[in-house]
Amino acid sequence: MSMRAVWDIVRKAPLKDLVNPNKLRLFYKVWPFTMVGYRRLANAHHLAGLIEEKGLEGAIVECGVWKGGCSAVMAHQTTLAGSKRNVWLFDSFQGLPVPTMSDGDKACDLVEGNATGALAPIGKCEGTYEDVRRVFFDVLDLPEERVKVVQGWFQDTLPEHKSTIDPIALLRLDGDWYESTKVCLDNLYDKVVSGGYIIIDDYGHWEGCRRAVDEFFEKHGINVDLVTIDETGCYFKKP
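In my numbering, the protein residues as written are -11 to 227.
Among the hints, a few may not be true.
[Claimed, not checked] In silico DSBU-like cross-links for lysine-lysine, where the CA-CA straight-line distance does not exceed 30 Å:
1. Lys17 with Lys225
2. Lys225 with Lys136
3. Lys226 with Lys11
4. Lys179 with Lys226
5. Lys225 with Lys72
6. Lys150 with Lys225
[Claimed, not checked] Quick list of simulated restraints, FRET-style, between CB atoms:
7. Thr104 with Pro9: 45 to 51 Å
8. Asn102 with His193: 19 to 25 Å
9. Gly37 with Asp218: 17 to 23 Å
10. Asn211 with Gly83: 30 to 36 Å
11. Thr104 with Glu41: 44 to 50 Å
12. Asp126 with Lys207: 39 to 45 Å
13. Ala69 with Thr116: 26 to 32 Å
14. Tyr16 with Glu219: 39 to 45 Å
If you are wondering where the hints come from, they were derived from the structure by calculation, not from laboratory data. Since we're looking at a predicted model, the values are computed, not measured. Even glycine gets a Cβ: it sits at the ideal position worked out from N, Cα and C.
Full structure from sequences and hints, please.
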């Protein structure tokens, strides 16, 4: 890792984290495997610790893994606490699919207006299964038997696998687009335990993600406090 990246971690860390060398060392190790930035990485780290402190039942599930750095941090926190909870990782490992018109102008510009919603890669945000294996098992030496990786588009994999997923204590959604976020909420929200946490990585950045969340809340009469992480990410506790 470059010294610039090390400086980027240190300058974004709050004072309380600068006296926590174990946390900074962990973030240093996973930094090449994540795009979420310091505050969203720290949030995932914090909530993973919180579900252990509260003794919440259930798995950690991440939809939209990229190279696995953020999910590896969550898994690492629960492993330190002696937990044997499973970690489910869903990703196409082909990058983002084609957005739809519901994703707004900024997303449509990425595909020159051809926002058909096709389940085909557009060459953005591509991570590989090998990257995930490397950060989980080579870099952090996490127990392989607890990690369940499901490759494919959410629209195909979530309906097929939701019945086999454990109850969920911590759900992190990083699918960017309207349809990707909607299908995750439709299939997984009911599996999150009461008092569990749901992170929406792209709520403040992508119009489609925000629309999918807002529509889901309205449709199901869900009234929660969305806690801002940074300019794009937020999370809430399930009632």
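Going down the list of hints, with the structure as the test:
For the proposed pair Lys17 and Lys225, the alpha carbon gap of about 29 Å is at most 30 Å, so the pair holds. A distance of roughly 24 Å separates the Cα atoms of Lys225 and Lys136; the hinted pair therefore holds under the 30 Å criterion. Of the pairs offered as hints, the one joining Lys226 and Lys11 holds, with about 27 Å between alpha carbons and a cut-off of 30 Å not exceeded. About 11 Å separates the Cα atoms of Lys179 and Lys226, which keeps this hinted pair within 30 Å; it holds.
Distance check on the hinted pair: Lys225 and Lys72 sit about 22 Å apart at the alpha-carbon level, within 30 Å; holds. Taking the CA atoms of Lys150 and Lys225, the gap is about 21 Å. The hint holds against a cut of 30 Å. For the pair Thr104 and Pro9, the supplied restraint of 45 to 51 Å holds, since their beta-carbon distance comes to about 49 Å. The beta-carbon spacing between Asn102 and His193, approximately 21 Å, falls within the hinted interval of 19 to 25 Å.
Distance hint check: the CB atoms of Gly37 and Asp218 are about 19 Å apart, consistent with the given range 17 to 23 Å. Checked against the hint of 30 to 36 Å, the C-beta distance between Asn211 and Gly83 comes to roughly 35 Å, which is consistent with it. Taken as a hint, the range 44 to 50 Å holds for the pair Thr104 and Glu41, whose Cβ atoms sit roughly 45 Å apart. Checking the proposed 39 to 45 Å range against Asp126 and Lys207 shows it holds: the Cβ atoms sit about 43 Å from each other.
Restraint check, Ala69 to Thr116: a C-beta distance of roughly 29 Å satisfies the suggested window 26 to 32 Å. The hint said 39 to 45 Å for the Cβ distance between Tyr16 and Glu219, and at roughly 23 Å that hint is violated.
Violated hint for the displayed structure: number 14, the only one.
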